[in-house]
Amino acid sequence: MDMMEFIADIQWGNALYQLLIFSLLIWVVSRWALKPLLGVMKKREQQVNDNLDNAEKSRAEAEQYLEQQREELKKAREDTQAMIDNANKMSEQQAKEILDNAKAEGERLKEAAAADINREKEQALESVRDQVASLSVAIATKVIEKELDEGEQEKLIDSYLKEVGNE
Amino acid sequence: MSTVAALIVAIFSIVGARKLAMRPTGLQNFIEWVMDFTKYIITSNMAWDKGGRFIALAYTLLFYIFVANMLGIPFELATETEHYALWNSPTSDPVLTLTMAAFVIILTHIYGFKLRGAKEYFADYFRPSPILFPFKIIEEFSNFLTLGLRLFGNIFAKELVTMLIISLTGLGTVGILLAWIPLAPWLAFGIFIGALQAFIFAMLSMVYMAHKVESH
Numbered sequence: 592m593d594m595m596e597f598i599a600d601i602q603w604g605n606a607l608y609q610l611l612i613f614s615l616l617i618w619v620v621s622r623w624a625l626k627p628l629l630g631v632m633k634k635r636e637q638q639v640n641d642n643l644d645n646a647e648k649s650r651a652e653a654e655q656y657l658e659q660q661r662e663e664l665k666k667a668r669e670d671t672q673a674m675i676d677n678a679n680k681m682s683e684q685q686a687k688e689i690l691d692n693a694k695a696e697g698e699r700l701k702e703a704a705a706a707d708i709n710r711e712k713e714q715a716l717e718s719v720r721d722q723v724a725s726l727s728v729a730i731a732t733k734v735i736e737k738e739l740d741e742g743e744q745e746k747l748i749d750s751y752l753k754e755v756g757n758e
Numbered sequence: 040m041s042t043v044a045a046l047i048v049a050i051f052s053i054v055g056a057r058k059l060a061m062r063p064t065g066l067q068n069f070i071e072w073v074m075d076f077t078k079y080i081i082t083s084n085m086a087w088d089k090g091g092r093f094i095a096l097a098y099t100l101l102f103y104i105f106v107a108n109m110l111g112i113p114f115e116l117a118t119e120t121e122h123y124a125l126w127n128s129p130t131s132d133p134v135l136t137l138t139m140a141a142f143v144i145i146l147t148h149i150y151g152f153k154l155r156g157a158k159e160y161f162a163d164y165f166r167p168s169p170i171l172f173p174f175k176i177i178e179e180f181s182n183f184l185t186l187g188l189r190l191f192g193n194i195f196a197k198e199l200v201t202m203l204i205i206s207l208t209g210l211g212t213v214g215i216l217l218a219w220i221p222l223a224p225w226l227a228f229g230i231f232i233g234a235l236q237a238f239i240f241a242m243l244s245m246v247y248m249a250h251k252v253e254s255h
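So the protein lines, in turn, are chains R and C.
The first sequence begins at 592 in the numbering used here and counts up one residue at a time.
The second sequence begins at 40 in the numbering used here and counts up one residue at a time.
Chain C on its own, in the form it takes in the complex:
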């Protein structure tokens, strides 16, 4: 599933950037809009001369998680016996979201170390007071966990409720006729949640990155 999401993102981006024109049309417009949005996410957290290098990361995070979240919307299929989705969002898998979160958090450490040097990097753990050192360590882990689990929890809950609504069809003809009434608004809400979570994930990644990269 994640492969499909990655392919979709790659194809959209590459096709959008294939015929670059000074006056953009169609897909190029869309890709540029996503880029501008990414720029906005980065610049609202750190200066552009430092944040500019993360545009690829932020763009891919935003776009990839959005596509991954959307994948679960149209093709949700439940088997009758297990109530398990055959085709779901890849982001409803905690392994995937936590992997991404770990990836981002580790990158923040790497860049923090690289851009500010060892001394500043380690000194940050004892600022503003050495007493905070254990909390700083905990913070790193909690950042990792909350970043990954927030995305997972939202998407997983959305899929779970979707499956519950779909299982109403088990009630017979009436259920089949009436199941769409809660299902339609729920899926619309699912789209909203998916977009929002993609934005939040990218935003928080950049917030954590800014913490590590910028001197306070």
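Next comes chain R alone, as it looks inside the complex:
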């Protein structure tokens, strides 16, 4: 009996009303607020994910570019080094060549000069020899012409010799 009274005492109207209100609220909130909101949140999540992916991709690309650039720089540096080395070698070689040339030229000039000197000497000797010969002939002629005594002959030779010395 008590149980029945207790059950009858419950405000069933209130409970029913509460149930109705709450169910309605769930429906309204879900229909007008949560569904569109969930859509936007999912879309945003998608976008954020996309952006992150893109950023990752861009980063990787940039890194690749950087690597490439670094490689190129290295190559350029190596090229330059090679060019400099080449130029150094070439200049050294050229210098050596020039020096060698100069040396050879000097040698040649020296030899030429020596040859010239020799030739001049030869010529001088030649002319001296010629003159001595002609002088001897002249002296001989004079000696034969005069047929003088020894004293005079001596004097004559001296004078001729003096003549030769003056010449």
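Hints may contain errors.
Heads up, incomplete: computed chain C residues facing chain R, CB under 7 Å, no partners named [stated by the list, open to error]: (1) Ser52; (2) Ile53; (3) Met61; (4) Gly65; (5) Ala95; (6) Gly192.
Keep in mind the hints are simulated off the structure, nothing from the lab.
We put the CB at the ideal spot given by N, CA and C, even for glycine.
Place chain C on chain R using the hints.
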């Protein structure tokens, strides 16, 4: 009172979701925060592919009970003769809280039945051992009672103490001057209790739901 709470929740939610933007501002931010919190409550109990469908239920429970609890804070008025609140939290009424609890518990049974099939649903009463069958039956009722009465008890006690403190003003001028000293911290505590109980109610609803919906 419950109508007012429902209206507040509906208006906040709908206005918050009215102009949806990819970069949320103001109210949309708040609503999304509540949604995220609800998601956290659900995912801490069950997998999202199963729990996702309960987000509307959990969101409404959380938000509605929170608003209902808060309603009693600012407008507590006591009549001089009866010490009865003119404007109180709707959740300080056991009929309301038990109705909500029954609603949730019945929903757990419906979804448990629907998602796992009759065989699994009934087999769960005899798991892990048939001896537990009577306890399982008792558990269902105790879940219903504790879920509803915990909320009711907390909020009702808060309102009762509030009214007691307010009745200090009956002591005359000194009472009126001094009543706010215990009243202010108590109302702050009331806000804390209200938020906590809303969270607990939503959390436990999802715990019970997970028990019924997930296979063990």
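We went through each hint and held it up to the structure:
no.: 1; hint: Ser52; verdict: 4 Å, holds
no.: 2; hint: Ile53; verdict: 5 Å, holds
no.: 3; hint: Met61; verdict: 6 Å, holds
no.: 4; hint: Gly65; verdict: 14 Å, violated
no.: 5; hint: Ala95; verdict: 4 Å, holds
no.: 6; hint: Gly192; verdict: 18 Å, violated
In summary, the structure is inconsistent with hints 4 and 6 from the numbered list given earlier, while agreeing with the others.
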